[in-house]
Amino acid sequence: MNTKKIAKIAGISLAIILISLFSVMGVIIYDVMSYTANGFETFSAEGNVTGNALVVYAPGISGQSSNAALNIAKELQNKGYNVDLVGINNAKAKNTSIYELIIVGGPIYAGKASSSVQAYLNNLKPSKGTKIAVFATGSDKDVMKNSKLLRSEVAPLNNSNSFKIDAVGKFVSGENNNHGIVAFVGSFI
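Take numbering that gives the first Met the number 0: the last position of the sequence shown gets the number 188, and nothing is skipped along the way.
Honestly, the hints are just simulated from the structure, not real lab data.
No experiment lies behind these values; they were computed from the predicted model shown.
Every residue gets a Cβ at the ideal spot worked out from N, C-alpha and C, and that includes glycine.
Among the hints, erroneous ones may be present.
[Unchecked claim] Calculated lysine-lysine pairs in the BS3-like style (CA-CA distance at most 30 Å, straight line):
id	residue 1	residue 2
1	Lys-111	Lys-163
2	Lys-93	Lys-130
3	Lys-127	Lys-91
4	Lys-78	Lys-91
5	Lys-93	Lys-73
6	Lys-127	Lys-93
7	Lys-163	Lys-78
8	Lys-91	Lys-111
[Stated by the list, open to error] What follows is a set of in silico ranges between Cβ atoms, one per label pair, in the way DEER data are often shown:
id	residue 1	residue 2	range
9	Glu-40	Asn-177	11 to 21 Å
10	Asn-66	Ala-118	20 to 30 Å
11	Lys-3	Gly-38	51 to 61 Å
12	Gly-110	Ile-5	39 to 49 Å
13	Glu-174	Ser-19	24 to 34 Å
14	Thr-49	Ala-14	49 to 59 Å
15	Thr-95	Leu-69	15 to 25 Å
16	Ala-14	Asn-121	32 to 42 Å
Throw the hints in and build the complete structure from the sequences for me.
Right, dumping it as structure tokens:
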């Protein structure tokens, strides 16, 4: 093979690798997956109804946040709540007036909550007395040992927010998080 052909093949290969890398980085940085989060599902409590809960999620690339949100919704249903499970891009996520509990969550990217979760929290206007909980999914379990760091990573708020966050939780990729979800839900109901 001549040198020109080898250089051409190497150049094309490098270009493909760089385009792929930039595409993946774009999906992560611009939180593209949150734009697909427009699902809606209701879980009705059986028996006595304790209240109404809204679980809003940004799915992330792996879908782990969607699974965590679903399991949180089911746990709240088991505790007697009527639960609306709503994708962060669904219009129903904006109407929070009928809920006693609002739970918001999504993935952690580069040590910060996804941009869609940050924007949602910064625009959230809950009714007085509404309890707010925030969860995140990610791979770094060491941050869970430091509550201040956990809160800053999972639930970053700007100074204009007029509400407090009652609970934060993080669920680690590749682990069985069932006990963590039960404990998380128990921390704010």
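- May I ask you to test the hint 24 to 34 Å on the CB atoms belonging to Glu-174 and Ser-19? 29 Å Cβ-Cβ, so the 24 to 34 Å window holds.
Point to revise | Given pair status - Lys-130, Lys-93, alpha carbons within 30 Å | key: holds (16 Å)
Is 39 to 49 Å respected by the C-beta to C-beta distance linking Gly-110 and Ile-5? With a Cβ separation near 41 Å, Gly-110 and Ile-5 satisfy 39 to 49 Å, so the hint holds.
Within 11 to 21 Å or not, the Cβ separation of Glu-40 and Asn-177?
holds (20 Å)
- Taking only the CA atoms, is the gap from Lys-78 to Lys-91 under or equal to 30 Å? holds (23 Å)
- Task: Using the Cβ atoms, figure out if Thr-95 sits within 15 to 25 Å of Leu-69.
- Result: The hint (15 to 25 Å, Cβ to Cβ) holds, given that Thr-95 and Leu-69 are roughly 20 Å apart.
Does the Cβ-Cβ separation between Ala-14 and Asn-121 fall within 32 to 42 Å?
-> 39 Å Cβ-Cβ, so the 32 to 42 Å window holds.
Within a Cα-Cα threshold of 30 Å, do Lys-111 and Lys-163 meet the stated pairing? holds (19 Å)
Hinted pair Lys-91 and Lys-111, Cα distance within 30 Å: holds (25 Å)
Would you check the hint for Lys-127 and Lys-93, treating anything up to 30 Å between C-alpha atoms as holding?
Answer holds: Lys-127 to Lys-93 is near 16 Å, not above 30 Å.
Hint consistency between Lys-163 and Lys-78 [alpha-carbon to alpha-carbon, up to 30 Å]:
holds (23 Å)
Taken at face value, is the distance from the CA of Lys-73 to the CA of Lys-93 at most 30 Å? holds (21 Å)
Hint compliance for this structure: no hint is broken.
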